[in-house]
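So the chains spell out like this:
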Amino acid sequence: MSNATLVSTTVNGDPVQFACPTDESLMTALRNRVGLTGVKEGCGTGDCGACSITLDGDLVCSCLVLGVEAEGREVATVEGLSADGELHPLQQKFIDHAALQCGICTPGFLVAAKALLDRNPNPNETEIRYALAGNLCRCTGYDKIVHAVQAAAKDMRKKKRR
Amino acid sequence: MGHDQKYVDKKYEVVGTRFNRPDGIDKVTGKARYGADASAPGQLVGRVLRSPHAHAQILKINTKKAEKLPGVKSVVTFEDMPDLTGGDQGLADILENCMARGRALYDGHAVAAVAAVDEQTAAKALKLIDVKYKKLPHVTDVDEAMSESAPVIHDRIITRGVEPAPTKPSNISARTQMGYGDVDAGFAEADVIVEKTYKTEQTHQGYIEPHACLASVNPDGTAELWVTTQGHFVFRNVCASLLGFDIAKLKVTSSEIGGGFGGKTHVWAEPVALALSRKANRPVKLVMGRDEVFRATGPTSSTSIDVKMGAKKDGTITAAVAEMRYQGGAFPGNWAMLACMTAFACYDIKNNKSIGWDVIVNRPKVAAYRAPSAPMAAFAVESTIDVLAKEIGVSPIDMRLKNVAREGTVAPYGPTYGPIGIEHTLQAVKDHPHMRAKLKKNQGRGVACGFWFNIGGQTCTDLNIGVDGTVNLTLGTVDVGGSRSSMAMIAAEELGIPYEQVRANIADTTSLGHNDMTEGSRGTFSSGMATVFAARDAISVLKQRAAKMWGVPEEDVVWENGQAVATGTGHGNLPPLTLKEIAAKSGRTGGPIAGHNEVTADGAGMGFASHICDVEVDPETGRSTIVRYTVVQDAGKAINPDYVEGQFQGGATQGIGWALNEEYIYGKDGCLQNPGFLDYRIPVCSDLPFIDTKILEVPNPLHPYGVRGVGETSIVPPLAAVGNAIANATGVRMTHAPMSPPRVLAAIDDRENAG
Chain H
1 MSNATLVSTT
11 VNGDPVQFAC
21 PTDESLMTAL
31 RNRVGLTGVK
41 EGCGTGDCGA
51 CSITLDGDLV
61 CSCLVLGVEA
71 EGREVATVEG
81 LSADGELHPL
91 QQKFIDHAAL
101 QCGICTPGFL
111 VAAKALLDRN
121 PNPNETEIRY
131 ALAGNLCRCT
141 GYDKIVHAVQ
151 AAAKDMRKKK
161 RR
Chain Z
1 MGHDQKYVDK
11 KYEVVGTRFN
21 RPDGIDKVTG
31 KARYGADASA
41 PGQLVGRVLR
51 SPHAHAQILK
61 INTKKAEKLP
71 GVKSVVTFED
81 MPDLTGGDQG
91 LADILENCMA
101 RGRALYDGHA
111 VAAVAAVDEQ
121 TAAKALKLID
131 VKYKKLPHVT
141 DVDEAMSESA
151 PVIHDRIITR
161 GVEPAPTKPS
171 NISARTQMGY
181 GDVDAGFAEA
191 DVIVEKTYKT
201 EQTHQGYIEP
211 HACLASVNPD
221 GTAELWVTTQ
231 GHFVFRNVCA
241 SLLGFDIAKL
251 KVTSSEIGGG
261 FGGKTHVWAE
271 PVALALSRKA
281 NRPVKLVMGR
291 DEVFRATGPT
301 SSTSIDVKMG
311 AKKDGTITAA
321 VAEMRYQGGA
331 FPGNWAMLAC
341 MTAFACYDIK
351 NNKSIGWDVI
361 VNRPKVAAYR
371 APSAPMAAFA
381 VESTIDVLAK
391 EIGVSPIDMR
401 LKNVAREGTV
411 APYGPTYGPI
421 GIEHTLQAVK
431 DHPHMRAKLK
441 KNQGRGVACG
451 FWFNIGGQTC
461 TDLNIGVDGT
471 VNLTLGTVDV
481 GGSRSSMAMI
491 AAEELGIPYE
501 QVRANIADTT
511 SLGHNDMTEG
521 SRGTFSSGMA
531 TVFAARDAIS
541 VLKQRAAKMW
551 GVPEEDVVWE
561 NGQAVATGTG
571 HGNLPPLTLK
581 EIAAKSGRTG
591 GPIAGHNEVT
601 ADGAGMGFAS
611 HICDVEVDPE
621 TGRSTIVRYT
631 VVQDAGKAIN
641 PDYVEGQFQG
651 GATQGIGWAL
661 NEEYIYGKDG
671 CLQNPGFLDY
681 RIPVCSDLPF
691 IDTKILEVPN
701 PLHPYGVRGV
711 GETSIVPPLA
721 AVGNAIANAT
731 GVRMTHAPMS
741 PPRVLAAIDD
751 RENAG
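Heads up: the protein sequence lines correspond to chains H and Z, in order.
Per the numbering used here, the very first residue in the first sequence carries number 1; after that it's consecutive.
Per the numbering used here, the very first residue in the second sequence carries number 1; after that it's consecutive.
These are calculated hints, taken from the structure and not from any lab test.
Among the hints, erroneous ones may be present.
[What the hints assert, rightly or not] To give a feel for the contact side, a few chain Z residues facing chain H, derived at Cβ under 7 Å:
#: 1; residue: 190
#: 2; residue: 688
#: 3; residue: 699
#: 4; residue: 701
[What the hints assert, rightly or not] Residues on chain H that point at chain Z, a partial pick, calculated with CB under 7 Å:
#: 5; residue: 94
#: 6; residue: 121
#: 7; residue: 123
#: 8; residue: 143
Just so you know, even glycine gets a beta-carbon here, dropped at the ideal spot from N, CA and C.
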């Protein structure tokens, strides 16, 4: 590995260090050096959203970010969604609503949907569809995905009120 | 042991309800391992060098510089993959498609490959491989490829199916003809005749997961392959044949599959990864980039189709003829034959004739894509029926109902239909509230029908009962859309136990007998049948063990609701033995309890669907937006309705993408200009409304639960449903798919200029 740079970052709340070449994408670094293969590569050009993560809370395609850009930042992936042994409501509703078939796009959809609900807890159908328009799914026709996000949003609003 | 595959009407406890899939948690937490997610100690990174030319002679490949680069462990060309196919031309074509042998036949054709210690080194090594090409004339258009003046791609191709056989080679690999009756007499009876020519562009399956594998070959001839595939047993056989391995010594494990739709039924880079590993004596992981997926794998045919149909004033279609030209890429295919078989399959037309031409062009080798060849034929036929209905002045639905195929109709490809559901779907469409929804300005509604055969095939299944009474169901058909849940439900139903008591797994090739691909909508039909039989096998063992525990004759034991019940005089008061109780004692009553079944499943039920599409066309831009969409399809029996609906919605969406946007665009140089998801635009979430579904159940008489396949039919009607809707919205009949904004706008402008 030539031109490797040591990167210190936070991934799903944990301190993480990895060394990667300066031209390596954060997606590849997360997959191959941090072992988080829930970050999927569908295109490598920012068109499919399968590698979606948040960087300091912002939704990004990790294939369009360099590994070295993670230095000192907060990275969140699908692996960090569930806490204390419980699935995140989005994860549970995706299963309950059969919102996945092959499942390769699912991690990206979950991260993108969480980013949406974090800023808008009560999105309408159109808002959901546009917020997820950067994530490609070839199996479902998006129908059950939108229903799952609606159900999760409702569930999360209810939990918050309690 | 023989089992009766006949359908028996009964009340189901588990089947037909909705259960969460067993692989759900792994897939929502990122734990599920797909093709690119496995690693092996000491693994190398494999990369493929691809032709930048549409057609070129390869004069020389110099790999010396690449081999000398530190960190490069193997470089392979065709010389490292000698031809062991022994005269099997189909296999030889696969080998040549995996690695060019003297000629690059399309833009993206593999020419060489490297394995190196990391991605950077592998990428550098590819640049150090020096290939000397001599460009040859190319042809990428199906009609041009058929012309006398076209460059002939393979000297060995003499058109099959033409009498007398041509004396000169051409790009036409085969002619097929099907049908019956006298079409000339039929047209003479017609009051109205419509004749039209259609074109459809090439589309890709567009699975989000690129092809990926991890290959490891040992010097003693044993090897392992971890791969994303629709059929690891078939991959094993093909890879072993191409590389000279013993079949039993190559262990293939199917990873979770990130979409296939037919595109993962063919080997592409897997034999190359094995060759790299063999030469390097280290594991090699080879993952394609998206551009490689587009340039070198999977697409379906582009087509050119003439349709002529005639009808009487009462709507009776008296004659129908289709002549269909399908390109199969750089190698011969049978795609036009499938078109002939499906084109008029929804109807009972006394005089029908379909002619298919399979054509070779300088494009990637065509692979199956969900109901392969049927959507294009349906686009042409279902559009023509709408034109015919309009000219006669009957509603398009009534026109279809008037001519609909029923039980007893002879299909254009030969067989006589048993009970089928096309009429039911059309009637359901007619009665559907969607048909009464108000249309706004610039909106139109279209209806179209579709057919797919569905297939059976070789299947092998194991069912093992643990001492605690939980059940391992071991399957060999890759789960592409949730079939593990359906199979577990079938096992639970048959055994009379809760769904949660069954765990369904997909076995590797060393753990189970051969299973054909998950293709042709056969997964739930075939594996479902084998699961029923394996469970019945296990039940007969359970009854033997119960008899032994009770000390009564075996024939006095029946299986009811998950327990053995003693019948007959004398032992009526014995309390029933549950599956768990029998399992707990199995060590003392004869050992493990298991069921097994191997079968060539036969009698797949044909699948029919009718779709309704409402579209809004922007007259300023030609952009079409789907405002309402309904799928009605006969599933035979929906085992897990959630995932049947998912198949309906997913297929409809792929069809909508094909209808409106998706197409391969080749430049004058014969190179693909849009090998990425930015320029090859598949539908996104904001493009679509909710897609309504209605599952009909006309049982397949040749499946114990009445199952038909459901995976493919749903992609057949959308092209025509969208086209018919656009015609009703704009008054313009589109005959070229995709009906993208520029094409629709040009058609609207043409009409206005004309009129």
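*Determine which of the earlier numbered hints do not hold for this structure and return their numbers in increasing order.*
1, 3, 4, 6, 7
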